[in-house]
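Asker: Chains as they are written, first to last, in the numbering used here: chain A, 1 to 296; chain B, 1001 to 1191.
Please keep in mind that the hints were generated in silico from the structure rather than gathered at the bench. Here a beta-carbon is modelled for each residue, glycine too, at the ideal position from N, C-alpha and C.
Here are the computed distance ranges between Cβ atoms for each label pair: (1) Gln11/A <-> Ala1017/B: 45 to 53 Å; (2) Gln1127/B <-> Ala30/A: 18 to 26 Å; (3) Asn98/A <-> Ala1017/B: 53 to 61 Å; (4) Leu1052/B <-> Ala40/A: 14 to 22 Å; (5) Glu29/A <-> Ile1092/B: 24 to 32 Å; (6) Gly67/A <-> Glu1057/B: 19 to 27 Å; (7) Gln11/A <-> Ser1173/B: 19 to 27 Å; (8) Gln11/A <-> Asn1125/B: 43 to 51 Å; (9) Glu29/A <-> Ala1188/B: 13 to 21 Å.
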Amino acid sequence: MSTKDKKDGHQGDHQIDQQLQNKQLKDDEAFIQSLYDDLASQEPSQEEYPSKEMDEKILAAAHRSVGSSPKLVNTKRAWYLPIASAASVILVVSLFFNQLNDPVMQAEMSFSGNSPASSNPSEVAEQEELVSEQLYDVSPSDNSVQASTEMLQARPAMSVQSKESLLKHKGINKNQQAMKRISLQAKEERKQSKQLQASSYSALNDEKQLIETSKAVPEQISVIVMTQELFDKLVHMNSFWLFVNEEKEFYHIEVVEQDSEKMLYKLDKKTYYINRSMQKNKTKRSLKELGKLTEN
Amino acid sequence: MTSFITNDVEQSITDEALMAAYAEGDSASFDLLYHRHKVAVHRFFLRQNISLAVAEELCHDTWLKVINARKSYQVTALFRTYLFTIARRVLIDFSQKKSSTNEQSFNQEIEPEIEVDDKSKTVSNHQLKQALTNEISKLTFEQKQVFLLKQDAGFTIEQIAKITEQHKEKVKSNWRYALQKMREGLRAYVN
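Go ahead and model the full structure; you've got the sequences and the hints to work with.
Answerer: Structure (structure tokens):
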């Protein structure tokens, strides 16, 4: 018998053993299963069930474990409630004091505080005046040219805002009278501010013109309007002139008199004419020349 | 105690889903889970040839471990596998503690073997259970675990390998030897 045959023989034996083992295993399993089936067919004994006490113990422990969990979460967030409360209180208090500092509120408080004594018309007038001062804190001298237009524009806006804030924050009927007064005062202030604004604009324009003129005209020379008499006199004195600049209705010329004193004169365009070449070519010319030109 | 396994919906919920719900804080899910498996766990300990009081204590310990580990529970296997892995560890801890303090073996609590009348071949339920318990107690620790997990709890060889952290072939071998021994001991009880 060859080694190959021996190997094949061993493998065959092994397979047979395996098969036998498997068969044995299946038989054993069936045997034990039949016993268990016999037991299962009968009523299970009470002993196999855990006691009620143990059931209760385990379930109680399970419920306790879950019940403790939300508490744990709450303790973690325990800081939230006091912090939130403290923040709310701080906010309310700061708002309260902020409102106290509000001029409208102060005015209203002064009105409500003095309401029993406000039957006297003169006192009421005084109070209103006081309120208007408190509201705007602007002196009458503010209508000068130096008052900025922003300030003037802010005035009516401020009064409107004050009224709105008063309505928003208070809304108390007992102070309606004070509200009306403030409203009237605000309207008057608005009118005044518009007028002031207009005047300040015109003043500013004038000032601008002056500034422009002062920039164009040489410094320390006063401007004199040229009259016919003056012109004749200067011609007689053989004075010379230089073109300075031109405006809408006037020419500015510099007249050099015999004693070398320079004077700035304003010439009306209706009476005098200076052509473009003379304007560009700024040389000393005789006033006779100018006169001749205008005559032409 | 309220019967939880009355609703079809409840029955359709898997053990794993129930345990996950309990981990999230739903205690009712644990109630259902406990009522599904309490007998199996209890029987597993009872078959270890220990007194009823000790079996209940170990059972209690097992469920407490499940409760305490609820937050770390992750669905990686069947809940039953997870549960019996804990039960087996509790049993090992108990046996180690007992062997260190007292050299008494579990077998000392075994009741005397029952004489079976071969002719009549009729045995009572109690007698058969007792004989079964006796034969189980004669198995080695590993054979006993495998036998109980397979025959009583209904796990597959693969699942037992996972629970006992042993190789599948070793589990199969233990199962075969356990069956042979059990059959030898219980031959007289077959009708």
